[in-house]
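Student: Go by the hints and put chain F onto chain R.
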Amino acid sequence: MSDTKIKITNLKKAFGRKVVLDGVDLDIRKGESLVVIGGSGTGKSVLIKCIQGILVPDAGSIKIDGNEVVGVTEEQKEAMHSKMGMLFQGGALFDSLSVWENVAFGLIENQKMPKKEAKLAAVNVLRQVGLAPDVADLSPSELSGGMQKRVGLARAIATKPEIIFFDEPTTGLDPIMSDVINDLIIESVKGLGATALTITHDMASARKIADRIAMLYKGKIIWQGTVKEMDKTDNPYVCQFIHGSSKGPIKVEV
Amino acid sequence: MAKKYIENFLRKQGKPLVTFISRLGELSLFIAKSLYNCVTPPFYLRLLGKQMIDIGFYSLPVVGLTTIFAGMVIALQSYSGFARFGAESAVASVVLISVTRELAPVLSALMVAGRIGAAMAAEIGTMRVTEQIDALTTLSTNPFKYLVAPRIIAGILVLPLLVLFGDVIGIFGGYVIGVYKLGFNPANYINSTLQELQAIDITTGVVKACVFGFIISLMGCYNGYKSKGGAQGVGEATTNAVVSASILILIFNYIITEVFFSK
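Just so you know, the sequences run in chain order R and F.
Quick note: to get this note's numbering, add 235 to the position in the first sequence (first position is 1).
Quick note: to get this note's numbering, add 275 to the position in the second sequence (first position is 1).
The following block holds chain R by itself, in its conformation from the complex (with noise of 0.2 Å):
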């Protein structure tokens, strides 16, 4: 049986005349932390959208445990997200719920857990992200950037999902926060044995959390390996993005 978690053939997406996405191939194993590195603009969020199909793509082929998703019913799409889990750039948490609520909101709605038992569950979960049970029952708008990505990892670890997207995990941080977010992803995605696929361009946090790193450029994944190979390739465009040079065949348009 194949080990392979998430296969992805081909894929393309345009936004009109835009391309983003050309023909992306990439295989994610059961258990791997795949880090997806790349500029601003490359579409790396709109890979992971499409994997989630949250956004349809206009050609190619995602199959998760063998299964195609692109084309399948919304019923069959919510049963492919009890699988997963997300952290969110921004956190995206719902403003008008309490943080156990956020956090608890899929042990609610979809595995129709009680109120009680799911606000217990909930409380667990902070505290294995590092945040103290009288945060509970603030409202998300009442915490800081760091303790709202706790929150936010807290929601995506929640459902125990098989497979965990990041999306910019540690954007908006300072140094130390970005770390305890790094560990906290580390020890969530070992802790559950998940799959994991983070999109930065933090080469920090990409070094930390990745067993494996794939780097997307002008809509193609255009090198994979893991860090140790990344730190000896020759790949120029690998080169210039990990030494953050401005000089090298990737051109900024300004």
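If you are wondering where the hints come from, they were derived from the structure by calculation, not from laboratory data.
Mixed in with the good hints, there may be bad ones.
Cβ-to-Cβ under 8 Å is the rule here; a few derived chain F residues that face chain R [to be verified]:
id	residue
1	Glu406
2	Asp409
3	Ala410
4	Thr416
5	Gln507
Covered, in the sense of this in silico footprint (three residues per stretch, anywhere, with C-beta under 8 Å from a C-beta of chain F), are these stretches of chain R [stated by the list, open to error]:
id	region
6	279-289
7	316-327
8	337-344
Built from N, CA and C at the ideal position, the CB exists for glycine as well.
Tutor: Okay, now just chain F, sitting in the frame of chain R:
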């Protein structure tokens, strides 16, 4: 040269038409999807209850104030107009018909469109631009069932109740002016109001209210759901929700009146 000029001209003229048709198609799909999700489970009854309170209970002061003054104005205007023909006694019936058939439904709907349509568009629009709607999807929750359906059902159910409340308050406004300013006998005023009261007057208002409730919620949800960008996008969505709902309310007011009363 001439061919290029014609091409450019047609492109410029055609673009708004294509945009309009594409928006119309988008709206039609949104309506179909919303209605489908209104009648298929799961139903979020807690959210429906919350929306009914937001739309109904918290709109009572606005609807009450609007309709009481409308009733008072109609009493004053009809008295001064009918005095020319010696038909002052018709004031009670004019107030009754004007309030129940037109003023309570239309003014209540316009006020609710300003209060609730804008709030819906702003809330859903903010959820859209902060990825909260995407988050709902990733949590296996259909945003149409969770956000749109409770608002649309609440709009359809609650607006008729608001209009019935507005009917009573508006007629009471006419009574206050009729009795305390124009010197009508209170018992006679109430009698002539009750004698003139017909089921069709109330029915028209209630039917209009159902349609207006649907329009207000639909425009609020649609504009919020489709909003793009940041604060500016949400601002535009809010404005569009109120303007489009208000215009549609006036158009459908005419259409429903035509259906009920044209001979």
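Student: Which numbered hints does this structure break?
Tutor: 5
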